[in-house]
Amino acid sequence: MRVLPEIVGRDEFAALIIRTDYNDEAAWQAVATDLTQPWGENGEIEAHVHLIEDPAWADATPDDVLTAVRRDENLSVVFIADRVTMHSAEGPLLACDVWSESEDLDPMYSQELIDSPPPREFRTAPAAVHGVHANLSIANMDFEEFAEEASADPEGVLRPL
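Numbering (the numbering used here) for the sequence shown: -9 to 151.
Hints in this document: simulated from the structure, not taken from any laboratory. These figures come from a predicted structure and were not determined experimentally. There is no bait here: all hints are sound.
Pair ranges (Cβ atoms, derived):
| hint | residue 1 | residue 2 | range |
| --- | --- | --- | --- |
| 1 | Asn32 | Val(-7) | 42 to 50 Å |
| 2 | Arg61 | Asp143 | 30 to 38 Å |
| 3 | Met131 | Asn32 | 19 to 27 Å |
| 4 | Asp53 | Ala20 | 24 to 32 Å |
| 5 | Pro109 | Asn32 | 28 to 36 Å |
We put the beta carbon where it would ideally sit given N, CA and C, even for glycine.
Could you build all of it, start to finish, from the sequences and the hints given here?
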C-alpha cells in the first residue's frame, strides 16, 4: 500500500484540494485560480481552500487519497485534481466521500444498502466546490444529493447551486 504524506495545517472550514496530476502546470494554475475566487450568490463569500501541491501525491488513486485523509475527523469530502481535471476545459475535480457508511452496516438490517451502495464520487466544477464543502460540513445536504445532481448533468459535472 502506498504511504502518502500527512496533511497538516488544514483549517476545518477550508475545502481540501489534492493535486495528483503534474503534467500541465498551466491547467493547474487555472483550476487553482478558479478555486480561490469568491463564491456565493453574488460572490460575497471568501473562498477557503487548502491546496496540496506536493509531487509525493503524483498519480495517487482516489483510494490512496481516501486512505490518507481519513485521519482528519473533521473532513467529509476531499477534492482531487487529477488527469481528467487537467485535460478538461472546465477543470472538473473529483469529489470523494471520505466516510463510507456501508463499512459498518449489519447485513441483517441493511442488505439493500450493502447491495446498492450510495455513490462515493462525482465530478464538480471548481466554482461548485465551496457549496459542496460547506453543505456537507454542516450536514445540510448528503453526498448522495450532490452526486445525483451531477449525474443529471449531460457531462456528469456538478455546477454551482
